[in-house]
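J.: Whole structure, please, built from the sequences with the hints as guidance.
Chains as they are written, first to last, in our numbering: chain L, 1 to 320; chain F, 1 to 673.
Take these hints with a grain of salt, some might be off.
What the hints assert, rightly or not - Here are the simulated SDA-like pairs of lysine to any residue, each with C-alpha atoms no more than 25 Å apart in a straight line:
1) L:LYS60 - F:GLY567
2) L:LYS60 - F:TRP134
3) L:LYS56 - F:VAL563
Unchecked claim - A short list of chain L residues far from chain F (calculated; beta carbon distances all over 10 Å):
4) VAL111
5) SER136
6) ALA145
7) SER163
8) ALA263
9) VAL266
10) VAL288
What the hints assert, rightly or not - One side only, chain F facing chain L, incomplete, derived with CB under 10 Å:
11) ALA288
12) ALA514
13) GLU517
14) ARG519
15) VAL526
16) CYS568
17) LEU572
18) LEU669
19) VAL671
Please keep in mind that the hints were generated in silico from the structure rather than gathered at the bench.
C-beta atoms are modelled at their ideal positions from N, C-alpha and C, and glycine is treated no differently.
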Amino acid sequence: MNGIGGVIAAVLVAGAQIAAVAVGGPLLVGVMRKVRCHIEGRVGPPIHQPLRDLRKLFSKQRMRPDQASWVFGVGPVVLVATAVLIAAISPLATTRPPLGQTADFFAIVFVLLLGSVALALAALDTGTPFGGMGSSRAMTIGALAEPALLVAILAMSIPAHTSNLPALVRIGLAHPQLIASPERFLALGSFLVVILAESGRLPVDNPSTHLELTMIHEAMVLEYAGPDLGLVILGESMRLALLLGLLVNLLIPWGIADRPGAAALVIGLGALVGKVVVAGIAIATFEVFTAKLRLFRLPELLAGAFVLAVVGAFTALVIR
Amino acid sequence: MSNLSLVITAIAGLSAAIAGCALPAKTRVQAAVAFTWGACIAALVGALAVLHTGHAMVLNSSRILPLTGVTMVLDPLGAVFVVITAVVAIASTLYWLGYASHGLSTRTASAALPIFVTSMLLVPAAGSVATFLWLWELMALSSLLLVLVDQRRREETRSAAQWYAVMTHAGASAILFALVMLSAHAGNQTFAAIRIHAVHLPAAVRNTAFLLALVGFGSKAGAVPLHVWLPKAHPEAPSPASALMSGAMVNLGIYGIVLVGDRLLGGGPAWWWLTVTAVGVVSALFGALHAATSTDLKRLLAYSTADNMGLVLIGIGASGLFATTGHPAIAAIAMVSALLLTVNHAAFKGSLFLSAGSVQVATGSRDLDRLGGLMRRMPITGVVFLVGGLAIAALPPLNGFVGEWLLFQSLLHGLPTSSTAVAIAVPVGVAALALTGGLTAAAFVKAIGVGFLGRPRSEGAATAHEVPRTMQLGAALLAGACVVLGVVPMIVLPALERAAAEVVPGAPAHSLRASVELRLAGLQGVLAPALLAAGLALAFVAVIAMRRLAQRRSHLRVALRRVEPWGCGRELQTARMQYTATSFAEPLQQVFDDVLRPDRDLDVSHLAESRYYTEKIAYRTSIGDVIEHNVYRPMIGAVNVWGQWARGLQNGSVHRYLAYGLVVLVVVLAVIV
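T.: So, in C-alpha cells, the structure goes:
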C-alpha cells in the first residue's frame, strides 16, 4: 500500500471492519437471545431489538451519580474506543488490515484490558456497594483469566514464530496442518473459556440476571443510563463479536480476504458474519443447558483453561 | 572523554550536603535542592555523553581514598542507571521543596538526602571494588537516616529502620565477600582486572561469587525472599525518600547482578540464570499478590516494587539463558527488555510514591480504607496517580506495556531454539508474567478506585485540598515520562541497546530496529506504540463525537443531570456502604488463601440475658507476610535464644572473667604448641 490511494483503501477497510463489528455486535447479541428463547419455547424479541434499544438510549439525557468524577463518564468511551481500535486493526474480514503489522496478539489483549480497567474504575467511581462489588469480581476473574490467555497465545505463536495476529491467520491459510495440530486446538479451547469469562457469559456470569448480589458485569454498570449505558452495551457487544471473530478466524480462516480488492473484502465480511453467527448460536445453545458457577468455583474453571494452554505450549515444543 | 562531570557531581553533592547541614532552616532545603540538581544535571550530561559516544568515562585518583584510591569507570550500562537515578532525583527533590515543611527540613534529612542521591549517581560509575563498596555503604547509610526521619513520631519507623539496616548490611556483607573473593583471585581490585581473570577462575569460586552477589544485590532489589525490608522501610520513609529508594535505589541491585553475573564473570552456566529466573518468578508473583491485597497505599506500592523487580529478573535470567544456548541476538533483546522495565519502573513508581505522599499530606492517612473521592478534591494528584497506575498495569499507550511486550517477545522467540530446561522455564515465565499482570491491574484498580474515586471515607479525605505546586509538578514530571516513554520508547531504546550489546557477549550492535515502529531485528515481531496511541486517541474522539451527534438529533439535549445512585430502595446512602480496599481484595484473598494465610479473628459477644442475642461482633483480618512469619521470625527467635544463653556467661563477676581469660590463654597455647 502506498500513496494516497493506499491510505484511502486502508481507511475503507478499517471503516468496513468497524462498521461490521459495531452493527454486527448488537445483532449477534440479538441472535443469541433469539436462539435461547427459541430453545426455551418462547418467541423472544426480534433480532434487531438491541439496535433499537441503542437508538433509544442514545437519545436520552445523560445522568451521573452525585459523587462521581469525570472517570465515570470516560469509562464507557474508553471501552468503546478500545473495541473500535481493535476492530480496525484485527484480521477480521481481511488478513491485511490497516496497521496489521502492529496488531500483535499480546498488544490486542492489553488494549482489551484497558477497556476492562476503564469500566472497573468507573464502577468504583459510583460510590455504591454494587459498583465496587462488580468491579472487584470482574478484576479477580480478569486476573485469573490472564495466564490462560497469554500462555494460549504463546502456544499458538510457537509454531508460527510470531505473535502477530494477521500472520497467525495467514499461516493457518497457508499451512492447514497447523490448524489441525493439537497445540492450536488446546490453545483455542483455552481461549474460548477466556472469552466466556471476559465477556461475562455463562457459566461465569449471567448476562440476564436481575439479582444485584449475583451480578458481576451488570453490577458494574448498574448506575449507567441513557447514552452512557448505550456505550457500555455497544462496547460489550463489540468485544464479544471481536473475540469470537478472532477465535473463528484462528480456527477456520477460510473465506477471509487474503488479497486486496473490494470483492474479496465483501466475501471476507460475509464469511466472518457467517462464522461468528454459527459460533454465537453454539454458545447460546450451550448457555441454555448451563448453570452459573459459584464465584469461588471459577478459579477451577480458569485453572483448567490454563492447564489446557500449558499443555498446548509443551505440545508445540515437543512436536516441533 | 572528559571526566569533569563525575567530579562536578561529587563536588555539587558534597556542597548540597554541607548546605543542608550548615544553613539556617529557611534556606536550607532550597540550597540543598539547588546543589543536588547541579549534581544530577552534571551526572546526566556525562551519562548521556557516554551513551551517545559509547566510550566509557574514566577517573583515577589515588589521593582521595587512602590505601586503595578511587577508580571510576562509567560505561554505557552504568550510564543507563545514572540517567534513571538523575531523573528520579530531579523530580523527587523538586517535590521535596513543597514537602519539606512536613518533617523533612531537619539538618540530618537535608544533609542525608543529597548524599543519598549523589552516592546513587556514583555507584554505577565505580570501577573498582573499594570504590564500589564505599559508595554502596554511603548509599545504604544515608538512606537509613532518611527512613529514620519520622522516628520520634512513629513507633513503627524504628522497627522498620532496624529491619532495613539488618537486611541491607547482610546484603552488603554478601557483596563484600563476593567482590573481595574475586579481587583476591585476580590480584587486583579494579573491575577491569577482575574481568580479565574471571575466565580462568575455578568453577567453585565463580559459582560462590555469583550466588553471594545474587543474595547481596537481590536483597537490595527486593527479590523474594529477601524483600522483607521493602514493605516496612518504603512506607515509613518520607515520600521523596521512598520515591528515590523505589525508583532508583532498588535498580542498583539489578545493576549489581548484571555487573557481577555478566560484566565481571562474563556469563555463566544455565543453572545460574535459571536460578535468577526462578527468583524473578517468585518475586513477581509474591509481590503482585501482596500488592493486590494490601490496604496501605505505600505498602501496596512497596510490594509492587518487589513484583516489578521480579519481572526485571525474569528478563535478566532469560537473557543469560539465551546467551548460554547460543542466541546472543535474543539474549540482547531480553536484556533490553529488562533495562526498559527498569527505566519504566523508575518512572511510574516514582510518580506513584510521590503522589501517594501528596495524599498522605493532604488527608493525613495512607490507609485506602480511609480515603476516597480524591479525584474531585485533588485533580492533578489524582490524574498523576491514575497515569502511574495504568502504566504499571502495563496498559497501552503507557510505558509499562512496551517493556512487557518486549519481554514476552524475547521469551517467545527464545523458546523454540533452546534446551529442555529453557522449554520448561519459559512457559512458566510467561504464565508468571500474565498472572502478575492481572494481579497488578487488580491492585491498581483498587488503589485508584478506592483511593481516588467514589465518596470520601473519612473526614480527612472529605476536607482534602490539593498540595503545593512543586509537589504536583515533581510527581507530574515522572507521570509525563510514563506517557512519553509509552508513545515513543524509541528515544531510550538505542541507549539501552548499546548497554545490552556491551553486556551480552557476541550480541549484534542492533537487536532492535526502532523508528516509528519497534521491530525485532531478524525476527517477526513489530509494535508501533505511537500508532496504537494515535489510533486510541482517534477512536476516543470519534466515540465522543458520535455520542454528541446522537444527542443533538434527539432534541432532548439538556445538561448532564446529577442523580442519587441506586441503593436497592434504600434512601440514604453513606460512604460506609461502599466497597473498601479490603472488600475489593477479598475474592483474590480467598482464591489465594493458601499462599497469603490471612489472620482472621471473629469475636461475638452475647448479651448476658440470653445467648440468642448478640451484643456486638468484632471482626479483624490482616495479611502478614508469610515469609517474614515463617522464615525470619524463627531466625530472630533463634538469635534471641542464643543471646539469652550467652548472657549467662556474663554475670559481672571479675573472677569469672579472669577465669575466661585463663581458659582462652591455655587453649591458644595448646593450639599453637
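J.: Hints numbered earlier in the text: which of these fail when held up against the supplied structure?
T.: 2, 4, 5, 6, 7, 12, 17, 18, 19
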